[in-house]
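**Student:** Sequence:
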Amino acid sequence: MAFELPTLPYAKDALAPTISAETLDFHYGKHHKAYVDKTNGFVADKGWRGRSSPSFYWFGLTPEPKEPTGKLAELIEKTFGSKEELVKKLIAEATNHFSNGWGWLVLDGDEIKVTSLHDADTPVVYDYKPLLTIDVWEHAYYIDYRNARPGYLDAITKIIDWDFVAANLDGEGVSRADQNG
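Per the numbering used here, the sequence shown runs over residues -5 to 175.
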(Lines of atoms letter the chains of each structure in order from A and count residues from 1; the text may use other names and numbers.)
(Lines give C-alpha, C1' and ligand atoms only; values in the text may rest on other atoms or scores of the structure.)
Protein backbone atom coordinates (compact mmCIF):
# COMPACT_ATOMS: atom_id res chain seq x y z
CA MET A 1 0.00 0.00 0.00
CA ALA A 2 1.42 3.38 -0.99
CA PHE A 3 1.83 6.39 1.28
CA GLU A 4 -0.90 8.97 0.95
CA LEU A 5 -1.12 12.55 2.08
CA PRO A 6 -3.56 12.24 4.99
CA THR A 7 -6.70 14.29 5.19
CA LEU A 8 -6.28 16.65 8.12
CA PRO A 9 -8.89 16.49 10.88
CA TYR A 10 -9.26 20.29 10.86
CA ALA A 11 -9.53 23.20 8.43
CA LYS A 12 -6.36 24.79 7.03
CA ASP A 13 -6.86 27.89 9.16
CA ALA A 14 -7.94 26.08 12.35
CA LEU A 15 -4.49 26.18 13.96
CA ALA A 16 -4.07 29.94 13.42
CA PRO A 17 -2.50 32.00 14.77
CA THR A 18 -0.04 29.30 15.91
CA ILE A 19 0.24 27.92 12.37
CA SER A 20 -1.09 30.18 9.62
CA ALA A 21 -3.02 28.86 6.64
CA GLU A 22 -0.06 29.95 4.48
CA THR A 23 2.41 27.88 6.51
CA LEU A 24 0.05 24.93 6.44
CA ASP A 25 -0.26 25.26 2.65
CA PHE A 26 3.53 25.17 2.27
CA HIS A 27 4.37 22.71 5.04
CA TYR A 28 1.54 20.23 4.49
CA GLY A 29 0.52 20.90 0.90
CA LYS A 30 3.99 21.19 -0.62
CA HIS A 31 6.74 19.80 1.68
CA HIS A 32 4.76 16.91 3.19
CA LYS A 33 3.27 16.05 -0.20
CA ALA A 34 6.77 16.01 -1.73
CA TYR A 35 7.93 13.61 1.02
CA VAL A 36 4.98 11.33 0.34
CA ASP A 37 5.68 11.34 -3.40
CA LYS A 38 9.42 10.73 -2.96
CA THR A 39 8.97 8.05 -0.31
CA ASN A 40 6.57 6.13 -2.50
CA GLY A 41 9.39 5.91 -5.03
CA PHE A 42 11.81 3.98 -2.80
CA VAL A 43 10.23 2.54 0.36
CA ALA A 44 10.34 -1.22 0.68
CA ASP A 45 7.43 -2.90 2.40
CA LYS A 46 8.61 -3.54 5.98
CA GLY A 47 5.27 -3.18 7.68
CA TRP A 48 5.76 0.58 8.03
CA ARG A 49 4.10 1.62 4.80
CA GLY A 50 1.59 4.39 5.15
CA ARG A 51 3.15 5.77 8.35
CA SER A 52 5.36 8.82 8.55
CA SER A 53 6.60 11.43 11.00
CA PRO A 54 4.84 14.29 9.16
CA SER A 55 1.47 12.53 9.43
CA PHE A 56 2.11 11.80 13.09
CA TYR A 57 2.91 15.50 13.61
CA TRP A 58 -0.36 16.75 12.10
CA PHE A 59 -2.50 14.35 14.12
CA GLY A 60 -0.71 15.43 17.31
CA LEU A 61 -2.13 18.96 16.96
CA THR A 62 -5.61 20.27 17.60
CA PRO A 63 -7.38 23.62 17.47
CA GLU A 64 -9.16 22.62 20.72
CA PRO A 65 -6.49 21.40 23.17
CA LYS A 66 -7.39 19.78 26.49
CA GLU A 67 -5.30 18.78 29.48
CA PRO A 68 -3.78 15.28 29.66
CA THR A 69 -5.85 12.83 31.71
CA GLY A 70 -5.75 9.28 33.02
CA LYS A 71 -2.66 7.12 32.60
CA LEU A 72 -0.91 9.78 30.50
CA ALA A 73 -1.37 12.43 33.19
CA GLU A 74 -0.06 9.98 35.81
CA LEU A 75 3.05 9.18 33.76
CA ILE A 76 3.71 12.87 33.11
CA GLU A 77 3.40 13.62 36.84
CA LYS A 78 5.64 10.68 37.78
CA THR A 79 8.36 11.46 35.23
CA PHE A 80 8.35 15.25 34.91
CA GLY A 81 6.35 16.49 37.92
CA SER A 82 3.85 18.36 35.75
CA LYS A 83 2.74 18.93 32.17
CA GLU A 84 4.44 22.32 32.31
CA GLU A 85 7.79 20.69 33.15
CA LEU A 86 7.33 18.16 30.34
CA VAL A 87 6.62 20.99 27.90
CA LYS A 88 9.74 22.87 29.12
CA LYS A 89 11.88 19.78 28.49
CA LEU A 90 10.29 19.19 25.09
CA ILE A 91 10.89 22.82 24.09
CA ALA A 92 14.50 22.72 25.35
CA GLU A 93 15.24 19.45 23.54
CA ALA A 94 13.72 20.63 20.26
CA THR A 95 15.28 24.12 20.52
CA ASN A 96 18.75 22.67 21.10
CA HIS A 97 18.41 20.08 18.35
CA PHE A 98 21.04 21.03 15.80
CA SER A 99 19.72 21.44 12.28
CA ASN A 100 16.65 19.62 10.97
CA GLY A 101 14.71 16.89 12.68
CA TRP A 102 12.02 16.07 15.18
CA GLY A 103 11.36 16.52 18.88
CA TRP A 104 9.73 13.39 20.31
CA LEU A 105 7.82 12.23 23.35
CA VAL A 106 8.28 8.46 23.43
CA LEU A 107 7.50 5.46 25.58
CA ASP A 108 10.66 3.55 26.51
CA GLY A 109 9.49 0.38 28.21
CA ASP A 110 7.06 1.72 30.79
CA GLU A 111 8.58 5.20 31.05
CA ILE A 112 8.00 8.29 28.95
CA LYS A 113 10.92 10.42 27.84
CA VAL A 114 11.78 13.35 25.61
CA THR A 115 14.31 12.99 22.82
CA SER A 116 15.12 14.39 19.39
CA LEU A 117 16.19 12.75 16.17
CA HIS A 118 17.80 14.03 12.98
CA ASP A 119 16.29 14.23 9.54
CA ALA A 120 14.01 11.26 8.78
CA ASP A 121 15.17 9.15 11.74
CA THR A 122 12.33 7.56 13.71
CA PRO A 123 12.07 6.35 17.31
CA VAL A 124 10.70 3.00 16.13
CA VAL A 125 14.17 1.83 15.11
CA TYR A 126 15.33 2.34 18.72
CA ASP A 127 12.42 0.29 20.08
CA TYR A 128 10.72 3.42 21.41
CA LYS A 129 6.99 3.80 20.99
CA PRO A 130 6.22 7.25 19.52
CA LEU A 131 3.65 9.25 21.45
CA LEU A 132 4.08 12.75 19.98
CA THR A 133 6.39 14.50 17.56
CA ILE A 134 7.14 18.14 16.85
CA ASP A 135 8.61 19.06 13.50
CA VAL A 136 11.75 21.21 13.83
CA TRP A 137 12.59 21.42 10.16
CA GLU A 138 12.73 25.12 9.25
CA HIS A 139 9.83 24.87 6.82
CA ALA A 140 7.60 23.98 9.78
CA TYR A 141 7.94 27.46 11.26
CA TYR A 142 9.86 29.82 8.98
CA ILE A 143 6.90 31.58 7.37
CA ASP A 144 5.21 32.38 10.71
CA TYR A 145 8.20 32.56 13.09
CA ARG A 146 11.15 33.22 10.75
CA ASN A 147 14.27 31.89 12.48
CA ALA A 148 12.70 31.96 15.97
CA ARG A 149 12.42 28.23 16.64
CA PRO A 150 11.81 28.78 20.40
CA GLY A 151 8.80 31.01 19.66
CA TYR A 152 7.37 28.37 17.33
CA LEU A 153 7.91 25.64 19.93
CA ASP A 154 6.31 27.70 22.69
CA ALA A 155 3.25 28.23 20.49
CA ILE A 156 3.01 24.70 19.08
CA THR A 157 3.10 23.09 22.52
CA LYS A 158 -0.09 25.00 23.37
CA ILE A 159 -2.05 23.11 20.69
CA ILE A 160 -0.92 19.55 21.43
CA ASP A 161 -3.69 16.97 21.13
CA TRP A 162 -3.16 15.17 24.44
CA ASP A 163 -5.98 12.75 23.57
CA PHE A 164 -3.91 11.64 20.55
CA VAL A 165 -0.85 11.22 22.79
CA ALA A 166 -2.91 9.15 25.24
CA ALA A 167 -4.30 7.01 22.41
CA ASN A 168 -0.73 6.21 21.34
CA LEU A 169 0.18 5.37 24.94
CA ASP A 170 -2.79 3.04 25.21
CA GLY A 171 -1.99 1.25 21.98
CA GLU A 172 -4.83 2.79 19.98
CA GLY A 173 -2.67 5.35 18.22
CA VAL A 174 -1.13 3.06 15.64
CA SER A 175 -4.24 3.10 13.49
CA ARG A 176 -4.72 6.83 14.07
CA ALA A 177 -1.13 7.60 13.12
CA ASP A 178 -1.40 5.28 10.14
CA GLN A 179 -2.56 7.32 7.17
CA ASN A 180 -4.35 4.34 5.75
CA GLY A 181 -6.00 3.20 8.96
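These aren't lab readings, by the way, just hints derived from the structure by calculation.
Hints may contain errors.
Derived DSS-like pairs (lysine-lysine); straight-line CA-CA distance at most 27 Å [as the list claims (entries may be wrong)]:
| # | residue 1 | residue 2 |
| --- | --- | --- |
| 1 | K82 | K24 |
| 2 | K6 | K24 |
| 3 | K77 | K24 |
| 4 | K82 | K65 |
| 5 | K65 | K27 |
| 6 | K82 | K72 |
| 7 | K32 | K77 |
| 8 | K6 | K65 |
**Student:** Against this structure, judge whether each hint is valid.
**Tutor:** To see whether the hints hold, each was checked on the structure:
1. K82 with K24: Distance of about 30 Å is beyond 27 Å: violated.
2. K6 with K24: Distance ~13 Å between K6 and K24 Cα, so the pair holds.
3. K77 with K24: Violated, at about 33 Å.
4. K82 with K65: It holds: about 20 Å lies between the C-alpha atoms, which stays within 27 Å.
5. K65 with K27: Roughly 35 Å between the alpha carbons, so the hint for K65 and K27 is violated.
6. K82 with K72: The given pair, whose Cα atoms are some 16 Å apart, holds under the 27 Å limit.
7. K32 with K77: Status violated; Cα separation ~37 Å.
8. K6 with K65: Not OK: K6 and K65 at ~31 Å, beyond 27 Å, violated.
The structure does not agree with the numbered hints 1, 3, 5, 7 and 8 stated previously, though it agrees with the rest.
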